[in-house]
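**Q** Protein chains in written order, with our numbering: chain A, 1 to 425; chain B, 1 to 425.
Hint data in this document are derived by calculation from the structure and do not stem from the laboratory.
If a hint is listed, it holds; no wrong ones were tucked in.
Which copy? The list can't say, so a pair holds if one copy fits it or any two copies do.
In the EDC-like style, the derived pairs of lysine to aspartate or glutamate whose C-alpha atoms are separated by at most 20 Å in a straight line are: (1) Lys194 x Glu218; (2) Lys183 x Glu34; (3) Lys179 x Asp189; (4) Lys183 x Glu141; (5) Lys146 x Asp189; (6) Lys194 x Glu148; (7) Lys146 x Glu76; (8) Lys146 x Asp91; (9) Lys303 x Asp344; (10) Lys146 x Glu34; (11) Lys194 x Asp226; (12) Lys194 x Asp237; (13) Lys194 x Glu142.
Quick caveat: nothing in here was measured; it's all calculated off a predicted structure.
2 protein chains.
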Amino acid sequence: MTVHVVVVGGGFGGLNAARALASHGARVTLIDRENFHLFQPLLYQVATSGLNPADIAYPLRAVFHAAPQVQVRIGEVVNADLDARHVVLADGTRVPYDHLVLAAGATTADFGIPGVAEHALGLKRLADAPRLRGEVLRRFEEADAKPELVAQGWLTTMIVGGGPTGVEMAGALVELFSKVLAKDFPRLDVSRAKVVLVEMGDEVLPPFSPQSRRHAAEQLRRRGVDVLTGCRVQRVDGTHVWLDDGQSVSAATLVWAAGVTAVALPAQLGLSTTRDGRAVVSEDLSVPGHPHVWIVGDLAAAKDAGGQMLPQVAQPAIQGGRHVAQQILRRHAGLATRPFVYRDKGSMATIGRHAAVADLPWGIHLKGVVGWLAWLFLHLLTLMGFRNRLSVLLNWAWNYATWDRGTRLILETPSRRRSGEGMAA
Amino acid sequence: MTVHVVVVGGGFGGLNAARALASHGARVTLIDRENFHLFQPLLYQVATSGLNPADIAYPLRAVFHAAPQVQVRIGEVVNADLDARHVVLADGTRVPYDHLVLAAGATTADFGIPGVAEHALGLKRLADAPRLRGEVLRRFEEADAKPELVAQGWLTTMIVGGGPTGVEMAGALVELFSKVLAKDFPRLDVSRAKVVLVEMGDEVLPPFSPQSRRHAAEQLRRRGVDVLTGCRVQRVDGTHVWLDDGQSVSAATLVWAAGVTAVALPAQLGLSTTRDGRAVVSEDLSVPGHPHVWIVGDLAAAKDAGGQMLPQVAQPAIQGGRHVAQQILRRHAGLATRPFVYRDKGSMATIGRHAAVADLPWGIHLKGVVGWLAWLFLHLLTLMGFRNRLSVLLNWAWNYATWDRGTRLILETPSRRRSGEGMAA
Numbered sequence: 001m002t003v004h005v006v007v008v009g010g011g012f013g014g015l016n017a018a019r020a021l022a023s024h025g026a027r028v029t030l031i032d033r034e035n036f037h038l039f040q041p042l043l044y045q046v047a048t049s050g051l052n053p054a055d056i057a058y059p060l061r062a063v064f065h066a067a068p069q070v071q072v073r074i075g076e077v078v079n080a081d082l083d084a085r086h087v088v089l090a091d092g093t094r095v096p097y098d099h100l101v102l103a104a105g106a107t108t109a110d111f112g113i114p115g116v117a118e119h120a121l122g123l124k125r126l127a128d129a130p131r132l133r134g135e136v137l138r139r140f141e142e143a144d145a146k147p148e149l150v151a152q153g154w155l156t157t158m159i160v161g162g163g164p165t166g167v168e169m170a171g172a173l174v175e176l177f178s179k180v181l182a183k184d185f186p187r188l189d190v191s192r193a194k195v196v197l198v199e200m201g202d203e204v205l206p207p208f209s210p211q212s213r214r215h216a217a218e219q220l221r222r223r224g225v226d227v228l229t230g231c232r233v234q235r236v237d238g239t240h241v242w243l244d245d246g247q248s249v250s251a252a253t254l255v256w257a258a259g260v261t262a263v264a265l266p267a268q269l270g271l272s273t274t275r276d277g278r279a280v281v282s283e284d285l286s287v288p289g290h291p292h293v294w295i296v297g298d299l300a301a302a303k304d305a306g307g308q309m310l311p312q313v314a315q316p317a318i319q320g321g322r323h324v325a326q327q328i329l330r331r332h333a334g335l336a337t338r339p340f341v342y343r344d345k346g347s348m349a350t351i352g353r354h355a356a357v358a359d360l361p362w363g364i365h366l367k368g369v370v371g372w373l374a375w376l377f378l379h380l381l382t383l384m385g386f387r388n389r390l391s392v393l394l395n396w397a398w399n400y401a402t403w404d405r406g407t408r409l410i411l412e413t414p415s416r417r418r419s420g421e422g423m424a425a
Numbered sequence: 001m002t003v004h005v006v007v008v009g010g011g012f013g014g015l016n017a018a019r020a021l022a023s024h025g026a027r028v029t030l031i032d033r034e035n036f037h038l039f040q041p042l043l044y045q046v047a048t049s050g051l052n053p054a055d056i057a058y059p060l061r062a063v064f065h066a067a068p069q070v071q072v073r074i075g076e077v078v079n080a081d082l083d084a085r086h087v088v089l090a091d092g093t094r095v096p097y098d099h100l101v102l103a104a105g106a107t108t109a110d111f112g113i114p115g116v117a118e119h120a121l122g123l124k125r126l127a128d129a130p131r132l133r134g135e136v137l138r139r140f141e142e143a144d145a146k147p148e149l150v151a152q153g154w155l156t157t158m159i160v161g162g163g164p165t166g167v168e169m170a171g172a173l174v175e176l177f178s179k180v181l182a183k184d185f186p187r188l189d190v191s192r193a194k195v196v197l198v199e200m201g202d203e204v205l206p207p208f209s210p211q212s213r214r215h216a217a218e219q220l221r222r223r224g225v226d227v228l229t230g231c232r233v234q235r236v237d238g239t240h241v242w243l244d245d246g247q248s249v250s251a252a253t254l255v256w257a258a259g260v261t262a263v264a265l266p267a268q269l270g271l272s273t274t275r276d277g278r279a280v281v282s283e284d285l286s287v288p289g290h291p292h293v294w295i296v297g298d299l300a301a302a303k304d305a306g307g308q309m310l311p312q313v314a315q316p317a318i319q320g321g322r323h324v325a326q327q328i329l330r331r332h333a334g335l336a337t338r339p340f341v342y343r344d345k346g347s348m349a350t351i352g353r354h355a356a357v358a359d360l361p362w363g364i365h366l367k368g369v370v371g372w373l374a375w376l377f378l379h380l381l382t383l384m385g386f387r388n389r390l391s392v393l394l395n396w397a398w399n400y401a402t403w404d405r406g407t408r409l410i411l412e413t414p415s416r417r418r419s420g421e422g423m424a425a
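Here chain A stands alone, though its shape is the one from the complex:
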């Protein structure tokens, strides 16, 4: 009999699991809150007016046009009965399964810091990006109407978190400010529009090689980003940020890229979780004691060969998704499962035009123009859908040739709304 797998989450992990399962004839129900797969690595470019939302999103139903055995269902999984083997959606529907793949990802974590949930803007879901874009542009409009605001830090954006998202966001924002908004606001002293990047570790891009970390920090500083390392945010009130070294920084816009926590689902289901909410998994990525439940991507407390927890980025999710698909088919065929072996394909981050760092396997490190071209090429290649690739290519070529950013629109009504999913404390 055909095995029926419920996959929760249409991100890199869930999508790859569903595709691999479908290609081997399994029946799949893919459940997501959104009707599209999001290419998260380019989300910061939508937030900085470089790309359209639709350039980095691909309709989930379109992925499976040729696979009638995959059923897409938009909804939120709020519970599951792991013994009776069904999940429960927010509308009360029960969806039975033979195997369950949890790939629901992570959400922005505010670590309980006062003011963050109310005042900071997250960047995880697609709708967050045009909202953040609108907030930044609105601060400039407000300062243009009341120039005295500039001295109060109205044009300062603080980005908390020096991982790839924070670094790429910081680099793209200074470019937006100095090359685009300086022309849009000739009466404003845009040189006073600061981007402050705060990282609690000693250096930005902590998981990268020492030379990449140094190069990234140097490039960010040269481009005008204030890089503050070794300090944490203690409190936030919408116009100021207080750091634990005693400083307070005036910043009207606060971007929270400080960290993610796994969605609450594993804990709700009574599974063992780590401190950051990830589900404890066996070597084959199944849940100990629940051989029909599998965890993939940001949600999995999976480790590499050296015992290090895997980073919450695309590659572990993609590889994990494919791995659990194979193991489900093996278990269904009565075969023993195999342990998950993560292959590190390297890490990349771009700082801006002609500047990126890449740590590749076999000790290869790229930087500068070469790293930047590698970054562009790889992202274009891994983006889903030919139309999306064309549109991204067109926008990149345009932005490169003209220093323009065509999508700098304020579409939201003024409000300090957070990520659609809220932040987890």
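For chain A, the structure is supplied; the task is to place chain B on it using the hints.
**A** Below, chain B alone, put in the same frame as chain A:
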């Protein structure tokens, strides 16, 4: 001394007035609630997943990069003192002027019909389009989860108003349903997804030539649109629409393209207005008794040579904007003003692939493929910005070649929100 003109509204009328004034050295303050000029004729294509919002919007500040004498100000004009010659913004700022151009446009009118303000979706502002797109897609997702909803009209969209917006929206929706969503939802009987177009007059496209009206109705019906003429909406409750001929239609989505009313500003300023809120104007488009106040576009009760009120579309606004710019300069130079002479350049509306109607000057009528190509070409040509043209061309080519619609994303959280500006009763 340089004349200072305040232009309220960055649509076709205000933008053309500001450009013409600036090119003759006048100082201009252009005030709009949005930070972009919107190419409204293609708004329905954003609402039906064919184009990106940024494809049809152009940043106002970018329009005037090379014109430092034009100052763009984002804000809402809430009052004016026509004797002291200043306008008042919502934040209390007073902006003085030598001449005032009111080009604030029109808003969706619900004519006081019960339920319309709560349940109908307007299509005037850019943010309305992704919202409408999300609502339509959400109805399909809901029906996919609960197929019994289909029999209750859950997939039926009623469009009220048989003008160009209603006709183009209806044509684009049936294409979206039959060519795209039918593939996305293989388990749904998408042939039961109806589009109902309601027009209170005897025929759709009332201002068009008889042959264009007939052709448009015939093409709409052939493509599967239910065209109901000669009837009005009496009441709406979110799932049903009651018409004045006694029928009630089950329709979970209601698009209100029935009519516009000028924004409330002229009436608030104590100007004489027509029944639909337009300001009464002299032959030169100034306000009788207020030689320093000028009205342009949808807001002006201007007439053509035959004494017919001009339609509330792009051409009268573009021509009116240029006209008042010239008259302001003439009056400032002590010359007599000239009457506004409207040149009818014709009307066009597209019904769908290979189908459009165009009434051009000298009695030329186009239809079918020729009309459709003329429509595509003209809209591409009049769109502002090279990047936008490229992006629209890319999307059109893609949609044409693949029958795909790449931007079918649900970005809004579920809610029945109306146009950002609300409807006027």
